[in-house]
Amino acid sequence: MIGGKALKDSLKRLGAHEGVRGVIITNMEGLPISSNLNAETTEVISALVTSLVGKAKRVVDELGEGGMNFLTISTPKGEVMVAPEEDYILIVLRG
Amino acid sequence: MSITVRQFDEILSDVIKSEPGIKKTILVDRTGLTIAHVSKFSYYPVDVDGIGAIASAVFCASEEQGKSLDVGDLTIVTSEFGDGKIFAAGAGKGVLCVITDKEVNIGMIRLTMMKAAAELAKVLDEFMAEKPAVAAGKTDAEREELRAALGELEKG
Amino acid sequence: MKKDTQGRIHFKIVFWGPSLSGKTTALRWIYDNVEGLNKGGFTSVADHTGRTLFFDYTPMQATAQVVFDVYTVAGQRRHRGQRKVILTGVDGIIFVADSSPDQMEANIESMAELRSFVGEELGHSISLVVMLNKQDLPNAMVKTVMLAKLGLGNAPNFTTCALTGENVKRTFRQVTRDILMYHLYPKTSAKASAS
Ligand SMILES: Nc1nc2c(ncn2[C@@H]2O[C@H](COP(=O)(O)OP(=O)(O)OP(=O)(O)O)[C@@H](O)[C@H]2O)c(=O)[nH]1
Ligand SMILES: [Mg+2]
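Chains A, B and C are the protein sequences, given in the same order. Residue numbers for the first sequence follow the working numbering, beginning at 1045 and rising by one. Residue numbers for the second sequence follow the working numbering, beginning at 8 and rising by one. Residue numbers for the third sequence follow the working numbering, beginning at 321 and rising by one.
One should not assume that every hint holds.
[Claimed, not checked] From the derived model, a few chain C residues whose C-beta atoms are all more than 10 angstroms from chain B:
no.	residue
1	ASP367
2	GLN385
3	ILE406
4	GLY473
[Claimed, not checked] With a straight-line cut-off of 20 angstroms between C-alpha atoms, the simulated EDC-like cross-links for lysine to aspartate or glutamate are:
no.	chain 1	residue 1	chain 2	residue 2
5	C	LYS323	B	GLU137
6	B	LYS162	C	ASP352
7	C	LYS322	B	ASP132
8	C	LYS322	B	GLU149
9	C	LYS323	B	GLU151
10	C	LYS323	B	GLU87
11	C	LYS359	B	GLU137
[What the hints assert, rightly or not] So, partial list: chain B residues that the calculated Cβ filter (under 7 angstroms) puts toward chain A:
no.	residue
12	VAL55
13	VAL78
14	GLY79
Honestly, the hints are just simulated from the structure, not real lab data. Don't be surprised by glycine CBs; every beta carbon is placed ideally from N, CA and C.
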């Protein structure tokens, strides 16, 4: 698991990067652990992205790709970057 | 089936389809009466009326508890078990209850439930207006049903 | 009174009364012994000694179109909040009083709480039938004394023994009858005064 202080620090570091609009860390149940966005947006993004990760993982399994490391969604606003870890998911909105 | 009744089933089915792991959805009113329910698998064997009565009572009791603690409105009650979860969300005059597997996207279920609950609250209002609970203004058919029940009870 | 999505009419009946007065025993007896009612499951939220923690519930169908949803409340003092929840939408109440003399205070307290929850409706739009239970006890209190102390002189009442089922069916029939009569003839049938 990721500790409180270490978590806050990495969030801060990531959030300070050029063009980063938001950083969210959510657990595998779609419940946010930490975020620098408002509560409502955080809840929605955590739920939807976790759902998407579940589906993407199943696709990757079916394709026999040997697992998923990273997911990027390119949008008119920029990018949604998703890093699924063992027991949490890191989400970065950029652009 | 009237339009409102079909709407209940549609909304409840949509909830089941929205996320993997949802086994059953039940809509119950705040007196404990089960109004509608939909299962993912037709052979899922549960005593729906009993489950509904508990879901309604538990939600309303939590609400009472919240009132005495002054913590604002209750949105969702979550019960986590070894092999599954039960969620209950307020839906206007009713309570929406969702029964799931253990491993589910809680965040997604919360969002789906809150959206569905808002829709159900509206349909429920229509449904209850359609079926007035007042003693006056009963239809002849209803009076006939009450009389038949009376006759049945006299027999026993 | 309520209608469900299949068009069936539902009435809610609640067994009320102090702890250990015999509410669960009475409902269980009806469930096990009364024929002619099409009964659903029996749901109980109780502790390991059998005392009700929240409620008992069983739906009983009189005809294809009329269902009685029957509940008992948890009588212990601390379950006041739960009792209030169960009372929502009630059509008829069976007040189960305990005839042991040392329980008379508890009976009075329970009746006062019921009145505070339902007020003026009791005995009018909400039917009330009194069950003076445990009349089999050697030191059971006399019916008239109990009714006077409870301020229930005018309510329909029965002396019962829930263990053997004595008069239990009659009590239940009375409340179902009163409910139906009230809904058929709302003006003339509100006779049982509870004040
Ligand atoms: N002698 C006698 N005992 C009775 C009678 N009815 C119930 N009892 C006993 O009284 C005890 C309590 O009965 P319950 O039915 O559990 O009481 P209750 O009113 O549901 O109590 P709570 O759930 O705590 O509110 C049990 O041991 C019963 O066997 C009766 O008519 N006579
Ligand atoms: Mg009991």
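Now the hints, each set against the structure:
no.: 1; hint: ASP367; in the structure: holds, 15 angstroms
no.: 2; hint: GLN385; in the structure: violated, 4 angstroms
no.: 3; hint: ILE406; in the structure: violated, 7 angstroms
no.: 4; hint: GLY473; in the structure: holds, 26 angstroms
no.: 5; hint: LYS323/C / GLU137/B; in the structure: holds, 10 angstroms
no.: 6; hint: LYS162/B / ASP352/C; in the structure: holds, 18 angstroms
no.: 7; hint: LYS322/C / ASP132/B; in the structure: holds, 13 angstroms
no.: 8; hint: LYS322/C / GLU149/B; in the structure: holds, 11 angstroms
no.: 9; hint: LYS323/C / GLU151/B; in the structure: holds, 15 angstroms
no.: 10; hint: LYS323/C / GLU87/B; in the structure: violated, 32 angstroms
no.: 11; hint: LYS359/C / GLU137/B; in the structure: violated, 28 angstroms
no.: 12; hint: VAL55; in the structure: violated, 26 angstroms
no.: 13; hint: VAL78; in the structure: violated, 16 angstroms
no.: 14; hint: GLY79; in the structure: violated, 14 angstroms
Against the hints set out earlier in the document, violations occur for numbers 2, 3, 10, 11, 12, 13 and 14.
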